[in-house]
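Trainee: Each chain is listed here by its residues.
Protein chains: 4
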Amino acid sequence: MTKQYRVLIDCNDEKGLVYKVSSIFFHRNLNIISNNEFVDKTHNKFFMRSVVAGEIDPATLKQELLEVLPKNANLDVIAPRKKNVVLMATKESHALGDILIRYEAGELDCRIVGVVSNYDLLEPLVSKFNIPYYTVSHEGCDRDEHENRLLAQLSELGEIDYIVLAKYMRILTSKFVQTYEDKIINIHHSFLPAFIGANPYKQAYERGVKIIGATAHFVNNNLDEGPIIAQDVIHVNHAHGWEEMQRQGRDVEKIVLSKALKLALEDRIFVHTNKTIIF
Amino acid sequence: MTKQYRVLIDCNDEKGLVYKVSSIFFHRNLNIISNNEFVDKTHNKFFMRSVVAGEIDPATLKQELLEVLPKNANLDVIAPRKKNVVLMATKESHALGDILIRYEAGELDCRIVGVVSNYDLLEPLVSKFNIPYYTVSHEGCDRDEHENRLLAQLSELGEIDYIVLAKYMRILTSKFVQTYEDKIINIHHSFLPAFIGANPYKQAYERGVKIIGATAHFVNNNLDEGPIIAQDVIHVNHAHGWEEMQRQGRDVEKIVLSKALKLALEDRIFVHTNKTIIF
Amino acid sequence: MTKQYRVLIDCNDEKGLVYKVSSIFFHRNLNIISNNEFVDKTHNKFFMRSVVAGEIDPATLKQELLEVLPKNANLDVIAPRKKNVVLMATKESHALGDILIRYEAGELDCRIVGVVSNYDLLEPLVSKFNIPYYTVSHEGCDRDEHENRLLAQLSELGEIDYIVLAKYMRILTSKFVQTYEDKIINIHHSFLPAFIGANPYKQAYERGVKIIGATAHFVNNNLDEGPIIAQDVIHVNHAHGWEEMQRQGRDVEKIVLSKALKLALEDRIFVHTNKTIIF
Amino acid sequence: MTKQYRVLIDCNDEKGLVYKVSSIFFHRNLNIISNNEFVDKTHNKFFMRSVVAGEIDPATLKQELLEVLPKNANLDVIAPRKKNVVLMATKESHALGDILIRYEAGELDCRIVGVVSNYDLLEPLVSKFNIPYYTVSHEGCDRDEHENRLLAQLSELGEIDYIVLAKYMRILTSKFVQTYEDKIINIHHSFLPAFIGANPYKQAYERGVKIIGATAHFVNNNLDEGPIIAQDVIHVNHAHGWEEMQRQGRDVEKIVLSKALKLALEDRIFVHTNKTIIF
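Protein chains in written order, with my numbering: chain W, 1 to 279; chain V, 1 to 279; chain G, 1 to 279; chain P, 1 to 279.
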């Protein structure tokens with residue numbers, strides 16, 4: 001079977017981009033497996049994700065593409081590989097468990113190199129799956145010290161492609177976020193931007209909403225304000241107390257988070273102006 | 001066919017309420033057509049909506065029920081009748097048109113006594129349905145003066161059960177709201193409490209959400225913060241500009257608003273602590 | 001403003017198609033407004049819809065494209081124009097009314113040249129919108145004779161791009177269907193392929209489903225088995241009798257049908273092996 | 001804390017049932033925690049589920065209720081207890097894994113006494129959770145013999161309240177079904193009654209549907225035709241091959257099945273005329 005490459009292009013829009021790119025694919029005898037483009041007319045930005053198959057050196061392909069693309073273009077030619085993923089969680093097991101079951105079934109094209117938590121509660125679950133579990137307690141230390149310990153632990157896990165916050169319930173500082181910029185995926189248990197912050201189900205219950213939801217997003221410096229990757233909702237009614245909303249909401253949370261992780265592992269997400277383009 | 005009555009009870013919860021109420025129904029030989037109860041344990045409140053059929057004077061039934069209910073109980077015994085509804089709109093026709101088509105088909109158990117707008121744009125549509133149209137322009141007058149004119153117009157339309165804001169795009173003052181307390185139903189073009197205020201589709205687009213929605217709610221003094229009656233959403237993606245979100249969102253708006261109106265006309269909505277209980 | 005053209009390509013897949021097509025666009029100085037491709041690997045079929053803007057004679061563009069496409073390619077270069085649409089209905093007004101309100105608001109890029117029905121019941125509604133209404137009664141004549149009358153009436157309405165069956169409740173013969181091949185869009189009031197045939201809401205009620213739906217599809221010779229364009233559903237429960245399912249289902253029907261019509265008017269639908277590819 | 005009992009009534013409808021039942025609750029000083037009623041007017045059937053709290057001997061309560069209910073009433077007074085559940089699966093782990101993660105988290109009020117499969121593939125997963133795994137291979141034996149082995153294995157597991165077919169991919173004979181009548185919950189990977197039988201995702205792909213779904217239902221003698229408990233769907237498009245439909249469909253399958261199991265464990269499901277009433 002011939003090798004496949006994912007070509008990711010993100011640049012200023014100009015006439016002829018599809019032609020120039022597909023010209024290289026054609027003359028290099030590459031087969032287009034799938035192809036998606038999008039032009040953000042507001043910002044005059046062009047996004048393209050192609051999966052091509054054929055015999056080529058990816059560095060060569062990259063070089064040839066760069067020659068026809070506008071200056072300052074972002075370009076990646078990726079030979080699919082298992083990405084390294086770290087999961088972080090606190091006490092709840094539903095989102096973490098959903099990822100573990102999928103991982104065990106071979107559904108996720110990645111290597112989970114460890115689970116990091118501020119409690120040891122989830123260790124029995126994680127250890128079933130033969131994945132290293134690291135308890136980095138926040139007790140008896142301030143936020144900065146705790147984060148330094150976290151960062152130290154993470155740095156021991158080697159190169160990390162994505163950190164998935166599978167209901168990690170502590171706020172990360174900008175230092176942490178900058179260290180792993182564009183690599184942290186969080187699940188927020190509300191339909192953002194509604195109910196930012198703590199206890200969104202209680203907030204939702206107090207507000208009397210008829211729908212609750214969950215949002216998977218990249219983490220940036222503003223809590224719950226990073227680029228949204230995926231969202232979904234379920235209907236609720238007056239008979240749902242906030243604990244029942246929380247219980248039913250967990251099903252949405254875990255599905256949405258796993259979906260976002262899968263999109264990231266397949267290099268399907270572009271981020272631009274705090275929004276995502278997803279192919 | 002025997003007559004039907006809607007019995008609506010809203011009182012402090014205490015043991016025996018279902019027994020006491022159903023005892024009166026039984027001994028008065030009333031048939032229970034449908035029966036719904038809910039106890040809000042947080043506030044110790046009991047809500048009940050029964051539809052009963054039989055031969056009885058509603059005043060008598062009300063008196064007997066009051067004798068067994070806790071003090072300060074809210075009680076209604078309603079012989080279904082066509083309610084008087086006024087529609088208010090500005091420029092967009094989708095929500096207004098949806099109600100008109102349903103009305104024409106006999107789907108709505110009400111009498112639409114008029115449409116009031118600050119523009120004359122929708123008059124051609126409304127006049128097709130032989131419903132009086134009143135243009136009360138806001139031009140050349142301040143908010144208070146405009147509202148006084150609106151209130152004067154409305155008062156000429158006789159007793160009003162519900163005012164439906166079918167995309168009426170001006171903010172109402174508390175004077176107006178208090179005049180028609182608990183009688184004004186609005187459609188907000190977002191999934192509240194996200195994107196309160198103006199241009200929610202633009203806000204949603206800027207935020208990069210993957211779902212947009214609409215919320216029908218009673219209007220109180222705080223813009224977009226009244227009790228929510230119904231909500232729904234649709235999925236969107238990066239390819240949707242805000243105008244496209246707006247266009248697709250209209251379908252959600254009109255369905256949600258018509259649904260809320262129908263619930264109100266059937267006396268299915270209780271309001272308590274800024275939330276709705278809907279049977 | 002430069003003119004826009006919709007380029008629709010449907011042909012056997014082979015290497016270089018995107019390159020060859022975009023090359024013509026580029027050298028003809030056409031700007032790609034939007035571009036979508038899909039390869040059906042099972043059938044080795046390539047589908048492409050491009051919207052391009054620029055100064056060109058569409059016949060010339062078509063000729064140039066044909067030269068680079070595989071033999072037997074289907075190719076259209078369409079200068080957007082208002083299509084001619086005929087609506088057909090029987091007794092229910094919700095789907096028809098939804099289209100009329102959208103039409104009145106300018107939302108549908110078409111010309112509704114008439115409404116044809118086997119009853120005169122909907123004439124009062126349609127005449128509000130100044131659209132000709134033709135009653136072609138089926139009483140006192142057999143199916144063939146009735147269809148001959150229908151076909152005679154339709155042929156008087158000039159060239160027809162689409163016939164929309166907005167709850168037209170009689171089965172069409174293959175003669176009728178072949179006369180307007182690929183031009184008839186129907187709304188079936190169930191989630192096809194469940195509940196083919198008559199009274200789907202009764203069937204759904206009897207089966208005890210927890211979801212009901214609607215399906216917009218092109219009509220072919222097998223009742224309810226043509227290519228599906230759009231579907232949607234709503235949740236129901238044991239308390240919904242079939243009439244209530246029918247009432248709530250109407251909201252799904254009308255939204256789904258209007259959505260399908262809009263897709264057709266924008267030339268977004270390809271049909272292949274009884275399936276639709278929708279860009 | 002006082003003890004709670006679930007009272008389940010299913011009988012012919014007649015006037016005064018709510019009164020008579022609530023009268024006993026009141027005079028026995030029982031507090032109504034929740035109360036739901038439904039009358040199936042087509043079949044003149046009354047269904048009621050009450051949760052009551054107080055000091056009473058459940059046998060006494062049952063006797064008193066029987067005295068006021070119509071003859072042939074079905075009545076249960078249940079002191080909540082952990083039910084015994086057996087899971088059956090074949091090769092796929094998603095539905096099984098979802099139940100195991102919930103079970104581990106204490107979300108399911110039951111005792112999983114074992115997992116039975118016709119393969120040993122899922123043993124490594126199940127054994128992580130310290131639940132007995134029984135491989136009952138179907139190889140080298142005919143259907144009857146295989147089922148006899150299954151039944152023998154199941155009978156060794158003690159009293160079973162529910163058998164959950166978490167993607168058990170073999171058809172059960174009526175002998176098996178009758179042995180565990182009303183106790184077998186299956187997840188079918190389609191939106192029933194569409195795509196009954198084998199390979200529903202392939203069937204759905206061939207038919208070109210725009211929505212796929214899953215159905216949890218009780219099993220009766222007709223394959224996939226038992227009473228439906230829960231259903232849900234997701235949208236798909238032309239770009240989804242059947243394998244992708246299958247992959248995405250698994251998320252719906254597992255959530256719907258776990259939801260159905262939870263409803264059963266909480267005694268919320270009545271079955272009548274091949275339909276479910278769910279409170």
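Treat the hints as calculated values from the structure; they're not laboratory data.
Note that the coordinates shown come from a computational prediction; the quantities given were computed from them, not determined experimentally.
Be aware that one or more of the hints could be misleading.
A pair holds if it fits inside one copy or across any two, identical chains being indistinguishable in the list.
To be verified - Taking lysine to any residue pairs in the SDA-like style, the calculated list, with each CA pair at most 25 Å apart, reads:
(1) 91 to 130
(2) 259 to 72
(3) 262 to 53
(4) 128 to 111
(5) 202 to 241
(6) 128 to 38
(7) 202 to 39
(8) 45 to 82
(9) 20 to 106
(10) 41 to 27
(11) 128 to 171
(12) 45 to 238
(13) 15 to 34
(14) 3 to 262
(15) 259 to 44
Trainee: For each hint, tell me whether it holds in the structure or not.
Mentor: We went through each hint and held it up to the structure:
Within a single copy, residue 91 and residue 130 get their C-alpha atoms as close as 19 Å, and across copies as close as 21 Å, so both meet the 25 Å cut-off. When the C-alpha separation of residue 259 and residue 72 is checked against a cutoff of 25 Å, the pair qualifies neither within a copy, at 31 Å, nor between copies, at 40 Å. For the homomeric pair residue 262 and residue 53, the shortest alpha-carbon distance inside one copy (21 Å) is at most 25 Å, but the shortest distance between copies (36 Å) is not. When the C-alpha separation of residue 128 and residue 111 is checked against a cutoff of 25 Å, the pair qualifies both within a copy, at 16 Å, and between copies, at 20 Å.
Proximity of residue 202 to residue 241 under the C-alpha cut-off of 25 Å is restricted to the intra-copy arrangement: shortest distance 9 Å within a copy versus 32 Å between copies. In this homomeric assembly, residue 128 and residue 38 never come within 25 Å of each other (Cα to Cα): the closest approach is 43 Å inside a single copy and 42 Å across copies. In the homo-oligomer, the alpha carbons of residue 202 and residue 39 lie at most 25 Å apart only across protomers (18 Å), although the nearest pairing inside one protomer, at 40 Å, exceeds that limit. In this homomeric assembly, residue 45 and residue 82 never come within 25 Å of each other (Cα to Cα): the closest approach is 29 Å inside a single copy and 31 Å across copies.
Within a single copy, residue 20 and residue 106 get their C-alpha atoms no closer than 37 Å, and across copies no closer than 39 Å, so neither meets the 25 Å cut-off. Proximity of residue 41 and residue 27 under a CA criterion of 25 Å is satisfied inter-copy only: 22 Å between copies versus 30 Å inside one chain copy. In this homomeric assembly, residue 128 and residue 171 never come within 25 Å of each other (Cα to Cα): the closest approach is 28 Å inside a single copy and 32 Å across copies. Proximity of residue 45 and residue 238 under a CA criterion of 25 Å is satisfied inter-copy only: 12 Å between copies versus 45 Å inside one chain copy.
In the homo-oligomer, the alpha carbons of residue 15 and residue 34 lie at most 25 Å apart both inside one protomer (21 Å) and across protomers (12 Å), since each shortest distance falls under that limit. For a Cα distance limit of 25 Å, the shortest separation of residue 3 from residue 262 inside one copy, 21 Å, qualifies, whereas the shortest one across copies, 41 Å, does not. In this assembly of identical chains, the alpha carbons of residue 259 and residue 44 never lie at most 25 Å apart, being 29 Å within a copy and 29 Å across copies at closest.
Taken one by one, the earlier hints fail for this structure at numbers 2, 6, 8, 9, 11 and 15, listed in ascending order.
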